[in-house]
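Asks: From first to last, the protein sequence lines stand for chains A and B. Just so we're aligned, residue 1 is where the first sequence starts under the working numbering, counting upward by one. Just so we're aligned, residue 424 is where the second sequence starts under the working numbering, counting upward by one.
FYI, nobody ran anything at the bench for these hints, they're computed from the structure. One thing to keep in mind: the hints can contain errors.
[Stated by the list, open to error] Straight line, CA to CA, 27 Å or less: simulated DSSO-like cross-link-like pairs of lysine-lysine:
hint, chain 1, residue 1, chain 2, residue 2
1, A, LYS318, A, LYS281
2, A, LYS249, A, LYS47
3, B, LYS639, B, LYS726
4, A, LYS345, A, LYS136
5, A, LYS47, A, LYS248
6, A, LYS116, A, LYS318
7, B, LYS570, A, LYS250
8, B, LYS570, A, LYS248
9, B, LYS639, A, LYS249
Note that the structure is a prediction, hence the values are computed from the model and not measured.
One letter stands for each residue in the lines below.
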Amino acid sequence: MNYHSKLKSAVAALAIAIPFGFAGVANAQDTVNLRMTIWSANEAHLKLFNEIATGFSKDHPNVKLSYESLPFDTYTTALTTQIAGGNAPDMAWIFETAAYDFVNSGALYPLTDTLKATKGYNAEELSATAAERWTKDGKLYAYPFSTSPFAMFVNNDVIKAAGAKTPAELIAAGQWNWDNAIATASAVGQTGKGGLIVRDFNYQIWQNLASVWNGWGASPWSADGKTCTMTEKPMVDALTFIHDAIFKKKAIPGPGENVDFFAGNAAMTITQISRASLLPKDKPFAWDLVPLPKGPAGDYALIGQAGIGVMQAGKNAKTAAEFVAYMTNPENSAKLSQFFPSARKSLLNAEVLKKTNPLLSQEQIDKVVIGGIATGKVIPGHTGFAQIQQAVRSGLDAVWRPDADIAGTLQKICGQIGPLLKR
Amino acid sequence: MAVVQDHATREGCSSSPFWTIARRDSLAGFLFIAPQLIGIVIFVLIPLGLVFWYSLHEWNVLANTFTYTGARNYQMLIEDTNLLEVLGATGIFSAGLVVFNLSLALLLAVLLNQKLAGITIFRTLFFSPVVVSLVAWTIVWGFLLQKNGGINGMLQVFGIEGPNWLREETTAMISVIVVQVFKNVGLNMILFLAALQGVPNELYEAARIDGAPRFKQFRRITLPLISPTILLTSIITIVGSLQVFAQIAVLTQGGPGMSTTVLVYYLYQQAFQFHLFGYGSTLSILLFVIVAVLTFAQWQMRKRIVFYES
Numbered sequence: 001m002n003y004h005s006k007l008k009s010a011v012a013a014l015a016i017a018i019p020f021g022f023a024g025v026a027n028a029q030d031t032v033n034l035r036m037t038i039w040s041a042n043e044a045h046l047k048l049f050n051e052i053a054t055g056f057s058k059d060h061p062n063v064k065l066s067y068e069s070l071p072f073d074t075y076t077t078a079l080t081t082q083i084a085g086g087n088a089p090d091m092a093w094i095f096e097t098a099a100y101d102f103v104n105s106g107a108l109y110p111l112t113d114t115l116k117a118t119k120g121y122n123a124e125e126l127s128a129t130a131a132e133r134w135t136k137d138g139k140l141y142a143y144p145f146s147t148s149p150f151a152m153f154v155n156n157d158v159i160k161a162a163g164a165k166t167p168a169e170l171i172a173a174g175q176w177n178w179d180n181a182i183a184t185a186s187a188v189g190q191t192g193k194g195g196l197i198v199r200d201f202n203y204q205i206w207q208n209l210a211s212v213w214n215g216w217g218a219s220p221w222s223a224d225g226k227t228c229t230m231t232e233k234p235m236v237d238a239l240t241f242i243h244d245a246i247f248k249k250k251a252i253p254g255p256g257e258n259v260d261f262f263a264g265n266a267a268m269t270i271t272q273i274s275r276a277s278l279l280p281k282d283k284p285f286a287w288d289l290v291p292l293p294k295g296p297a298g299d300y301a302l303i304g305q306a307g308i309g310v311m312q313a314g315k316n317a318k319t320a321a322e323f324v325a326y327m328t329n330p331e332n333s334a335k336l337s338q339f340f341p342s343a344r345k346s347l348l349n350a351e352v353l354k355k356t357n358p359l360l361s362q363e364q365i366d367k368v369v370i371g372g373i374a375t376g377k378v379i380p381g382h383t384g385f386a387q388i389q390q391a392v393r394s395g396l397d398a399v400w401r402p403d404a405d406i407a408g409t410l411q412k413i414c415g416q417i418g419p420l421l422k423r
Numbered sequence: 424m425a426v427v428q429d430h431a432t433r434e435g436c437s438s439s440p441f442w443t444i445a446r447r448d449s450l451a452g453f454l455f456i457a458p459q460l461i462g463i464v465i466f467v468l469i470p471l472g473l474v475f476w477y478s479l480h481e482w483n484v485l486a487n488t489f490t491y492t493g494a495r496n497y498q499m500l501i502e503d504t505n506l507l508e509v510l511g512a513t514g515i516f517s518a519g520l521v522v523f524n525l526s527l528a529l530l531l532a533v534l535l536n537q538k539l540a541g542i543t544i545f546r547t548l549f550f551s552p553v554v555v556s557l558v559a560w561t562i563v564w565g566f567l568l569q570k571n572g573g574i575n576g577m578l579q580v581f582g583i584e585g586p587n588w589l590r591e592e593t594t595a596m597i598s599v600i601v602v603q604v605f606k607n608v609g610l611n612m613i614l615f616l617a618a619l620q621g622v623p624n625e626l627y628e629a630a631r632i633d634g635a636p637r638f639k640q641f642r643r644i645t646l647p648l649i650s651p652t653i654l655l656t657s658i659i660t661i662v663g664s665l666q667v668f669a670q671i672a673v674l675t676q677g678g679p680g681m682s683t684t685v686l687v688y689y690l691y692q693q694a695f696q697f698h699l700f701g702y703g704s705t706l707s708i709l710l711f712v713i714v715a716v717l718t719f720a721q722w723q724m725r726k727r728i729v730f731y732e733s
């Protein structure tokens, strides 16, 4: 081989090798790392999420997924701090209360086109009422993967020990209303145990009181969100009822009193059905799950939601949207519904729910879960919710006193949040 | 030849070398302080400049917009109806903290400035909260101060029904101050102890010979001689009191109402909870000005209150 031949061979070899070399570089560059912030650190949840991520990676070998658990209490603050610091996640869980802020701000990547383009996704079966808060101008900006009704868990042992009527007995007698529920809670409260606990309320997360005041038809603001309605009769009556239950009837533990229902120390608690996992296994008590009592305005239900959104600020928004489509397809939604009730109509039937919620009876599923999701209103939310939440929380502190002027306080609160609602 | 040599000598005298002893010393000095100086530039001066820059903008984190708004955030500051209440709470907290902390620290230092067997154990005991994690300390106190918590449980033993410490405006503020004082009093106590041990014994002996009672000795000898330490601790404590955050966040979240919403907590709410980073930065500038003015005022006062200064 002469010099020219050697040179030609070398050039040819390079010509063949260089594209491979670049392909290698290209492959390395194409690796997509997706990160989702979540507020759960539950092992069973994470195991399922990782299984779903592995499934997605089979078709997208260049995609690596990770989940970052942030503390529940400060979740939205931590998320927005990450965004402000230029470290936005690719996907994030979003509370229903913060939904308006995220959807209206343009922070989220629209999902509708990706979901519709995903084979077998069947986007039409997503309940329109469940998607309402997450939709803007006909486009879905976050997928409501969890639509969980509030219900009342009951400790029948404690109630019977206090000689009161259990909710099941009251339901059978057609007397399951708030007056009787509080009478039962009060009877238990007088024995030194806790009566009724609105879980997570803790005299701060006041929006959870919607699980009570919705029974009076009360709402903190008008349907269009522009006007404060806390001074209207339903809200004044509902808060007067709650106030009496706390300070006169001792039916609800007062401010600064910590009582845990799931440790067997209270008669009843209002919370989402997913909390059934907290029921004690070592020292079980006779528990029940019943719908929320009837209020003066009739029967009602309340639901809490959580959405998954794709951040516009992320570098791989399109791939992240594809992952959300995969995570929430019919097959994976069925898997997720064991922890997070789905808003897909095909999964809202007793047969599926019984499989995914083995702790609940058929009757509980029918009345509480299916009925709740079908008729429930979502917890109050608003654009700029954090600021409104703080103003109302701070104002309501004056209600949580034995000598409170409820109507006067609500007037002041409306004065505070009125300008915020109009923004 | 002699002329040339003379010329060269004169030239050498007139052009002194660049690296004089003074220059070399100052370079060495600057190199010694460089690590600290770089840290201050990166972590103090640049962020300070950025905060001022942010305060002139409206920064919507979610919408990813950063708009120049001039003095609008400062206008908002003037019109903020909550600000007076917040400054009031900050003032009460700072005043309460400084008075209680310094008095208790001085009292403990005087009590522990004895030559007794086992006194070191007590000194360690009172100092130990300083090294405990602030959040852990506050969480434990949070449990103790609940209505059905440990403090009221103890009071009940004596037949006293304790208040709902963290849910009533007055007791909530007192609780936050006390928790903070107990956490940090050890630090000031050690500083006072060191100062007390630096007071010459001969002065007390002379005073005793002159028949001065103990309290007069304390007022006329001890206090003047430890006055530089009093100035130091009061500056540290006041600046620290204006930066309190974790205790409020864990114990009261600024409530009941806004009674314990101090400036730093209010700033945190505006910036990180309400996403008003521009306005939050404006509040930071206000805090900076307050701290700077108070420190400057105290520094000026040293001429009157500190014994060593002329």
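Asks: Does each hint hold? Answer for all of them.
Replies: Evaluated hints:
1. A hinted pair counts as satisfied when its Cα atoms are at most 27 Å apart, and LYS318 (chain A) with LYS281 (chain A) does not qualify at roughly 44 Å.
2. Taking the CA atoms of LYS249 (chain A) and LYS47 (chain A), the gap is near 45 Å; set against the 27 Å cutoff, the hint is violated.
3. Simply put, LYS639 (chain B) and LYS726 (chain B) have alpha-carbon atoms about 23 Å apart, close enough for the 27 Å limit, and the pair holds.
4. For the hint pairing LYS345 (chain A) with LYS136 (chain A), the CA-to-CA distance comes to about 21 Å; that is within 27 Å, so the pair holds.
5. As the CA atoms of LYS47 (chain A) and LYS248 (chain A) are separated by approximately 47 Å, the hinted pair breaks the 27 Å bound.
6. Among the hinted pairs, LYS116 (chain A) with LYS318 (chain A) is consistent with the structure: their alpha-carbon atoms are about 14 Å apart, no more than 27 Å.
7. Restraint check for LYS570 (chain B) and LYS250 (chain A): satisfied, since their Cα atoms lie roughly 14 Å apart, inside the 27 Å limit.
8. About 17 Å separates the Cα atoms of LYS570 (chain B) and LYS248 (chain A), which keeps this hinted pair within 27 Å; it holds.
9. Distance hint between LYS639 (chain B) and LYS249 (chain A) is unfulfilled; the C-alpha atoms sit about 60 Å from each other, more than 27 Å.
Checked against the numbered hints listed earlier, the structure breaks hints 1, 2, 5, 9; every other hint is satisfied.
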